[in-house]
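> Letter by letter, the chains look like this.
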Amino acid sequence: MSLRDLLSPFYVWQRAFEKPYTTKRPTLDRPGAPAYRGFHINITETCVGCGSCHTICQNHAIDMVAVDEYVGRDGDSGLRPRFDYGRCCWCGLCVDICTAGSLRMSNEYAWISEDPGDFHFTAGIDDKPWQENALGYRRAEGYHLYPPKRITMPMLPVEESVNTFDEVVRGYDKEQAKKEADRCVECGICVATCPAHMDVPDYIHSIRDGDYEKGLQLMYRTNPFPATCGRICTRRCESVCPVGILGEPVAIRWLKRFIVDQVDKKDYPRILNEPIGESDFKVAIIGAGPGGLSAAYYLRQQGHAVTVYESRASAGGMLRYGVPSYRLPDVELDKDIEHILAIGVDIKYDTEIGRDISFETLLEDNDAIFMSTGLSVPSSMRIHGEDHPRVLSGLQVLADVASGRDPGIGKKIAVIGGGNVAMDAARVSRRLGADVTLLYRRRISDMPADDEEIDESQAEGVVIVQQAIPVEVLDADGTERVCIKWGEAKMVDDPKGGRPRPVLQEDRMHTETYDCIISAIGQSSDLGYLSSEVQDQLAIEWGRFKPVEYQHTMMEKVFVGGDFANRTADAISAIEDGHHAARGINRFLNPDAFIKAEMQDE
Amino acid sequence: MNTIDEILDYAIDQEQQAADFYEEVAKNAETASMKKILLDFSEEEKHHKKILQAVKTGEHELTPQQEILDLKIADYLVEVEVSKNISYQDALIIAMKRERAAYELYTDIAARVPEGHLREVLDGLAREEEKHKLFFETEYDERILTDN
Amino acid sequence: MTSLNRHTLTGHSAALDFSQPEPVDLSSGKYVKLWQGPQHPGITGNMSLELTLEGDTIIGCKTHVGYLHRGFEKLMERRTFIQNFTVVCRIAVPEPTFNEYLYSHAVEELSGIEIPDRAVWLRTLNLELMRLASFLMWIGGQSGAFGMYTVPNWTLSHRDFVLDLFEEMTGARIYHMYIVPGGVRAGLPEGFEKRARDVMDSTEKMLGQVERVMFNNAVTKARSRGLGIIDPEMIDPYGIVGPNARACGVARDLRKDEPYLAYDQLDFDIITGHDCDAYGRAWQRLQETRQSIDLIRQCLDRMPVDGPFQADMPNVLHWKVPAGETYVKAECTRGEYGYYMVTDGSEYVRRVHVRGPSYTHAIAVMERLAVGCNIADIAGLMVSLHTYPPEIER
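Protein chains in written order, with my numbering: chain A, 1 to 602; chain B, 603 to 750; chain C, 751 to 1144.
By construction, these hints were calculated from the structure, which means they are not laboratory data.
One should not assume that every hint holds.
Said to hold, decoys possible - Label pairs and their in silico Cβ distance ranges: (1) Asp867/C <-> Gly188/A: 38 to 44 Å; (2) Asp494/A <-> Tyr1098/C: 42 to 48 Å; (3) Pro148/A <-> Thr1076/C: 53 to 59 Å; (4) Asp1056/C <-> Lys149/A: 18 to 24 Å; (5) Asp494/A <-> Pro1072/C: 56 to 62 Å; (6) Asp642/B <-> Asp166/A: 48 to 54 Å; (7) Lys24/A <-> Asp1044/C: 19 to 25 Å; (8) Pro1072/C <-> Thr23/A: 31 to 37 Å; (9) Ser239/A <-> Asp1044/C: 53 to 59 Å; (10) Glu18/A <-> Pro1058/C: 41 to 47 Å; (11) Asp642/B <-> Asp494/A: 33 to 39 Å; (12) Asp1044/C <-> Ala140/A: 26 to 32 Å; (13) Asp74/A <-> Asp1056/C: 52 to 58 Å.
To be verified - Computed cross-link-like contacts, PhoX-like style, restricted to lysine-lysine with a CA-CA straight-line distance of at most 25 Å: (14) Lys179/A <-> Lys1070/C; (15) Lys699/B <-> Lys496/A; (16) Lys1070/C <-> Lys178/A; (17) Lys496/A <-> Lys629/B; (18) Lys1070/C <-> Lys24/A; (19) Lys955/C <-> Lys19/A; (20) Lys733/B <-> Lys496/A; (21) Lys638/B <-> Lys546/A; (22) Lys174/A <-> Lys944/C; (23) Lys686/B <-> Lys652/B; (24) Lys686/B <-> Lys496/A; (25) Lys955/C <-> Lys149/A; (26) Lys648/B <-> Lys411/A; (27) Lys651/B <-> Lys546/A; (28) Lys490/A <-> Lys699/B; (29) Lys651/B <-> Lys485/A; (30) Lys699/B <-> Lys485/A; (31) Lys496/A <-> Lys651/B; (32) Lys733/B <-> Lys490/A; (33) Lys546/A <-> Lys733/B; (34) Lys637/B <-> Lys546/A; (35) Lys266/A <-> Lys149/A; (36) Lys19/A <-> Lys944/C; (37) Lys214/A <-> Lys955/C; (38) Lys629/B <-> Lys674/B; (39) Lys652/B <-> Lys637/B; (40) Lys674/B <-> Lys490/A.
Every residue gets a Cβ at the ideal spot worked out from N, C-alpha and C, and that includes glycine.
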């Protein structure tokens, strides 16, 4: 034992004169680090209640509870996370997965209460002192628990697409689809938003599992037009997809299309194998568009004798005669329609109600009627010179092209309007080799057309002139040309609210000569086949039907749906109208069986 | 038409005539829904009439200086015929054009009278008609020019 | 294994005598049975030693574990791959990040995820800070076990300063949950480097004081010299790893032998000792604590300051890891820490086995070394093996 070893330990005394390591008073508040994982904060206004926090929580510490304030909001489940601090381990995975970025943690970590129930609280709803805390754990920039970016859809290059009516969107391959399907957080907000309430999370799940047949079955439960909707749906689901809040929404539409693309048409009967019920009722359907055929599909499954009356030579309505084939090839539309007809739906082509058969006869001969004749009359601009022969309607041009006729548009044309019909007419005209200028009275951001359509048409060389109000059509030199006079518009805020309104500036007028002008400013319904007495009985408002429940009208046997009965005027709403009307007709024809079936469903 | 009261009486009468006009068109309209729309128009005119009556009794004041938004939609549309199967679009066009004509009438007269109270009243009436026109133009912009 | 064969073949070295002691006759009144633990025996942790004493001398030691069993390995089979990373840290309370790293690394290896360079460095820094914090706690424990309570105050204070760094870096002091499959959860906060260097400086200074007070100490030496001598022959058969082995002169360190993360880019040598007793192990750990400080400084010097810290990840909500199996390992303060993982292609792990170095050190080695000890030294001996009971019973 050395002397050093005896003396050295006394060195401890030196520390007695140094600053102590400990704090003087133990009660002194010590705030958590700036990124401390403390008590939860939820910005409930931003939160959409997707429930991903609930799903990822391994402790089951998060319940989703309804908060009155948010119930019924579009794109919002109305639920907000409720935390149980008896279970929470403050791992913060809920913050990491939060699709809206609304969930975070404060750096507060001390909370004393005598009531154990207090520690069960809805962040952001129950008043807590740390809700406004600026410090605490936030998900770091560049850190993701799911891929925020969409898998890029392969498309025809613009140089090619502008010269062909081949489909522009090429579709995902299996690998791409699986990756895109992987991005879904399975919240189901899309289901609530989809007019047809398609079971989106489950059919996306079937893609991850590679079980496309199951995916197809799931889709047909609510929508007999998956090939069509997988291409041209207005996809409100994607606009509410919470993955799109901080990143890009899941490509729900393309995934739907992917499933259909994987299944051969000849396998449909085996996969879907719809049971057909027994019934003696006869149902007539006017119009073989998406609404009418959807109704036919679901009515036929009940065993009713279903006859669809179509004035044109082919079924599909606007899907065939309005939507150009580069967006929806005929073969894909036929895939949907042929299956509907295959289960025993009878269809009479080239049969116009009011001309070939009167509405009254139809009413007499059938137990119920579903009408879905859409919006087939192009709206008129009501400006001077509009009846010039070189002013064509967008609907007519599209129908001509769809039927293989030359619409005779010429080489330099103007399209008027900012809706999807205008975009279609413009892009079709580009494919026919014309230089296209599109005049729209408001701004591009105000256009009702799909954003993708606007982008793609611009990429294909359509020149969009915004804030251009057409005021007059004038004769040009020669009968093959036409002049349009338009004025620049200034956007003025509406003092009563609403979107800004365009005001013509009369000192800024332009006149331009074109080979033709395609007017595509909207369309309305043609109710000519209904006598005014019938129209009165149907209680039509603003040129549209206003059905009571289950698409039933004020007339006993008559149900309506589709564009002329709803405000949204898109295929998916028409499909849902048809499905809904089919249930309504079943209820009307056979109330007892209907109630029994409904109860079984629940 | 010299006194202010006389002018107001004329204006009130004009509103009544407009209300009568829509009622007449409604009577001939083929469908119930269109009838209802036209009767709504007629009600709107009666409402205008009430405002002018209130001006006459001094309960309501005209606002000759107020700037009213002019969407200039009516200015460039074609004249349409009144018919029994008139569409909503055409009914709106008729309404807009009538309000526009009234507005122009008062503006014209106002330009011919010397500056003073009388002119202010006429200007005020012009503003009223402009407001009515804006009402119908807004409706047209919202409901008819949807895709345009 | 080869060495085990050699020993069993060549002879009957006393160190490798695995025979059980003769049962004693307690009724003779010559012996006493004494339980140390498990009710918070202070430094042995939540396990207990069933000691047989003859006078002051231990003639038999049987270890009893299971008091902390929470079934982590089984829990993991019922949780998704992302959820598990919040569970694994609890397997070793004073040193949780090795579990986070190894779990994440195993998952990454099975799913073919390559983590970005910055994540590699952040993980290295995190693990080395963890080693430092763990060593500091251990020094306090060893000193306390020999009855000197000044040193624990110093080292645990400095451990707390390291925990402050963790709190800043990861958002939590103990269960950091920072290393996540795919990378780490965040970069370094602003000013972290400066504060980390300050803590390193003051810790280094403090270690000098510890050396003077605890190591150049007649009492420490009297109590630890010759205590719990590990015969180098025991190393392989008993599976002794880490400082316990290195103190006996066996240069075995995974950071050097099979470099992982950024260790191949760091400049250091394996430290070895030659005294196989408790003092030698303590000295070994003091040197390794200093080495950790040096490695942390190197990390701070060399790590990239920007760039991604997370690989592109699938959606973790329904993450399926391809079927496979792997064994990954890293050098924690007690030696080789390992994760054996089997996956079956589903959203859940099929089986995880955690290899904690404490398993051998606290059971087999302890039972052997305890025999012949004085009862007063048993706590000091236990600590000198540096064991964490939770990792025995995963």
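> Against this structure, judge whether each hint is valid.
Do the hints match the structure? See the list:
1. Asp867/C <-> Gly188/A: 38 to 44 Å: holds, 39 Å
2. Asp494/A <-> Tyr1098/C: 42 to 48 Å: violated, 57 Å
3. Pro148/A <-> Thr1076/C: 53 to 59 Å: 29 Å Cβ-Cβ, so the 53 to 59 Å window is violated.
4. Asp1056/C <-> Lys149/A: 18 to 24 Å: Taking Cβ atoms as reference, Asp1056/C and Lys149/A lie about 21 Å apart, which means the hint holds.
5. Asp494/A <-> Pro1072/C: 56 to 62 Å: Check passed, 59 Å falls within 56 to 62 Å.
6. Asp642/B <-> Asp166/A: 48 to 54 Å: Taking Cβ atoms as reference, Asp642/B and Asp166/A lie about 50 Å apart, which means the hint holds.
7. Lys24/A <-> Asp1044/C: 19 to 25 Å: Violated, since Lys24/A and Asp1044/C (Cβ atoms, about 33 Å apart) do not stay within the stated range.
8. Pro1072/C <-> Thr23/A: 31 to 37 Å: violated, 51 Å
9. Ser239/A <-> Asp1044/C: 53 to 59 Å: holds, 56 Å
10. Glu18/A <-> Pro1058/C: 41 to 47 Å: Holds - the Cβ-Cβ distance for Glu18/A and Pro1058/C, about 44 Å, lies within 41 to 47 Å.
11. Asp642/B <-> Asp494/A: 33 to 39 Å: Violated - the Cβ-Cβ distance for Asp642/B and Asp494/A, about 21 Å, lies outside 33 to 39 Å.
12. Asp1044/C <-> Ala140/A: 26 to 32 Å: holds, 29 Å
13. Asp74/A <-> Asp1056/C: 52 to 58 Å: About 40 Å separates the Cβ atoms of Asp74/A and Asp1056/C, which means 52 to 58 Å is violated.
14. Lys179/A <-> Lys1070/C: Between Lys179/A and Lys1070/C the Cα gap is close to 12 Å, so the pair holds against 25 Å.
15. Lys699/B <-> Lys496/A: holds, 22 Å
16. Lys1070/C <-> Lys178/A: holds, 12 Å
17. Lys496/A <-> Lys629/B: violated, 33 Å
18. Lys1070/C <-> Lys24/A: violated, 52 Å
19. Lys955/C <-> Lys19/A: holds, 14 Å
20. Lys733/B <-> Lys496/A: The given pair, whose Cα atoms are some 12 Å apart, holds under the 25 Å limit.
21. Lys638/B <-> Lys546/A: Holds - the C-alpha atoms of Lys546/A and Lys638/B are around 15 Å apart, at most 25 Å.
22. Lys174/A <-> Lys944/C: violated, 50 Å
23. Lys686/B <-> Lys652/B: Violated, at roughly 29 Å.
24. Lys686/B <-> Lys496/A: Not OK: Lys686/B and Lys496/A at ~33 Å, beyond 25 Å, violated.
25. Lys955/C <-> Lys149/A: violated, 50 Å
26. Lys648/B <-> Lys411/A: Violated, because 53 Å separates the two Cα atoms, which is more than 25 Å.
27. Lys651/B <-> Lys546/A: At roughly 33 Å apart (the allowed maximum being 25 Å), Lys546/A and Lys651/B break the hint.
28. Lys490/A <-> Lys699/B: holds, 22 Å
29. Lys651/B <-> Lys485/A: Status violated; Cα separation ~38 Å.
30. Lys699/B <-> Lys485/A: holds, 21 Å
31. Lys496/A <-> Lys651/B: Given that 25 Å is the threshold and the Cα spacing comes to 22 Å, the pair holds.
32. Lys733/B <-> Lys490/A: Holds, at roughly 19 Å.
33. Lys546/A <-> Lys733/B: Distance of about 31 Å is beyond 25 Å: violated.
34. Lys637/B <-> Lys546/A: holds, 16 Å
35. Lys266/A <-> Lys149/A: Violated. Lys266/A to Lys149/A sits at ~35 Å, over the 25 Å cutoff.
36. Lys19/A <-> Lys944/C: Satisfied, since the Cα-Cα distance of roughly 21 Å is no more than 25 Å.
37. Lys214/A <-> Lys955/C: Cα-Cα ~68 Å, so violated.
38. Lys629/B <-> Lys674/B: Not satisfied, since the Cα-Cα distance of roughly 30 Å exceeds 25 Å.
39. Lys652/B <-> Lys637/B: holds, 23 Å
40. Lys674/B <-> Lys490/A: Given that 25 Å is the threshold and the Cα spacing comes to 12 Å, the pair holds.
Hints 2, 3, 7, 8, 11, 13, 17, 18, 22, 23, 24, 25, 26, 27, 29, 33, 35, 37, 38 from the earlier list are contradicted by this structure; the remaining hints agree with it.
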